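Undergrad: Starting from the given sequences, assemble the full structure and let the hints guide the process.
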Amino acid sequence: MVVIGGNGRSGLLLQQRFPELKFIPAPFREIKIHAGLPAWASVILQLPAMILELTKEQVFVRSVVEKENVSVIISDNRYGLYSSKVTSVLITHQLRVMQPTLLKPFQLFSTWLIKRLTKRFSEIWVPDFSGKENLSGLLSHGVGHQDKIRFIGPLSRFCEKDKANAIIPNKIVVIISGPDPARQTFVDHVVKEAVKSNRLITIVGGQPEKETAQSVGPVTLYSHLNDESFAWEVTTAEYIIASGGYSTIMDLVSLGCRATLIPFKGQTEQEYLAARLHNNGVFSTVNHNKLDLSQITTWGLSNRKNNQPKNQFEKGAELQDAVNELLLQC
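Quick note: the sequence shown, position 117, residue 369 per our numbering, numbers continuous.
If you're looking for bench data, these hints aren't it; they were derived computationally from the structure.
Take these hints with a grain of salt, some might be off.
Unchecked claim - Below, in silico cross-link-like pairs of lysine to any residue (SDA-like), each with a Cα-Cα straight-line distance of 20 Å or less:
1) Lys542 with Ser554
2) Lys517 with Ala527
3) Lys415 with Asn478
4) Lys567 with Leu407
5) Lys308 with Lys371
6) Lys337 with Arg368
7) Lys400 with Ser323
8) Lys423 with Leu452
9) Lys423 with Gln466
Claimed, not checked - Computed beta-carbon distance windows for the label pairs:
10) Thr353 with Asn417: 41 to 49 Å
11) Ile303 with Gln547: 26 to 34 Å
12) Ser382 with Gln547: 33 to 41 Å
13) Lys337 with Lys448: 56 to 64 Å
14) Ser382 with Lys337: 39 to 47 Å
15) Asp432 with Lys542: 21 to 29 Å
16) Thr464 with Val324: 34 to 42 Å
17) Gly568 with Val324: 16 to 24 Å
18) Gln547 with Leu264: 36 to 44 Å
Keep in mind that this is a model prediction, so the values were computed, not measured.
Note that the Cβ used here is the ideal one computed from N, Cα and C, for glycine as well.
TA: This is the structure:
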């Protein structure tokens, strides 16, 4: 039997996707990005509360392991969801935090802290490729407990078979995810640019709790789309713009789509990934302040077939192998 523990947007998404499974609300504290502060500064201010959250997660785990007769825990980037009594697996691509310039002296400390938090897990599954051609770069390669790390390939509900047969010329889709107010600020900026350039644009907002659609001038804004609709909207677009979160990157790569990444200001991980994948020719990137949609043909990557390189990121059986081996331990 599988039991899901979760909360917030991710918990809601799992409930919608697996309604037949038992769901238990887990401790949850959404990281708030304060207006006027870079993301890293907001995170530092919330460190005491985040440490307290680890204690709450441990209380939760002890209760669930006892009541539900749990034999394996799989934790999605939650450092407190482990138990010494059962096999505990952590899924994360964040084994190293990319520090802003002001905090570079603390790079070694933050890496040590993550290593300390992750050592309690039996295994660490990294959703990336193990070789030189990978997505996360320094975020998860060459660091941590090498004996525990297993690269399982990108995790996405999509594959290239979900791709539409034809591109709609000049269609622009913008994928925006992440915490407010940064997410809403980006939405407002895109809407303003769309109205100014008079281009038809579809925005997918990553808010499964709302399930709404609205039109603002030439913009159609969906708070959330089901898998089939999302895949169609994205793979029929000639130009895709995304805020650059790792989950979105994995979805785009799995669908074989090119895109332009525009990282949120102050989110050092997004900035690092955007620059790295731009330099490697996987995606392009442009500064938030230079988002001029009337000039998208000069900085955007077209998804027309004659502009598509061979997808160098092809999924293998790494995830299935890892799951099969884990089940043998149950």
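Undergrad: Decide, hint by hint, whether the structure agrees.
TA: Now the hints, each set against the structure:
no.	hint	result
1	Lys542 with Ser554	holds, 18 Å
2	Lys517 with Ala527	holds, 13 Å
3	Lys415 with Asn478	holds, 15 Å
4	Lys567 with Leu407	holds, 9 Å
5	Lys308 with Lys371	holds, 19 Å
6	Lys337 with Arg368	holds, 19 Å
7	Lys400 with Ser323	holds, 19 Å
8	Lys423 with Leu452	holds, 7 Å
9	Lys423 with Gln466	holds, 18 Å
10	Thr353 with Asn417: 41 to 49 Å	holds, 46 Å
11	Ile303 with Gln547: 26 to 34 Å	violated, 46 Å
12	Ser382 with Gln547: 33 to 41 Å	holds, 39 Å
13	Lys337 with Lys448: 56 to 64 Å	holds, 59 Å
14	Ser382 with Lys337: 39 to 47 Å	violated, 30 Å
15	Asp432 with Lys542: 21 to 29 Å	holds, 23 Å
16	Thr464 with Val324: 34 to 42 Å	holds, 37 Å
17	Gly568 with Val324: 16 to 24 Å	holds, 23 Å
18	Gln547 with Leu264: 36 to 44 Å	holds, 38 Å
Of the numbered hints given earlier, the model fails hints 11, 14; all others are met.
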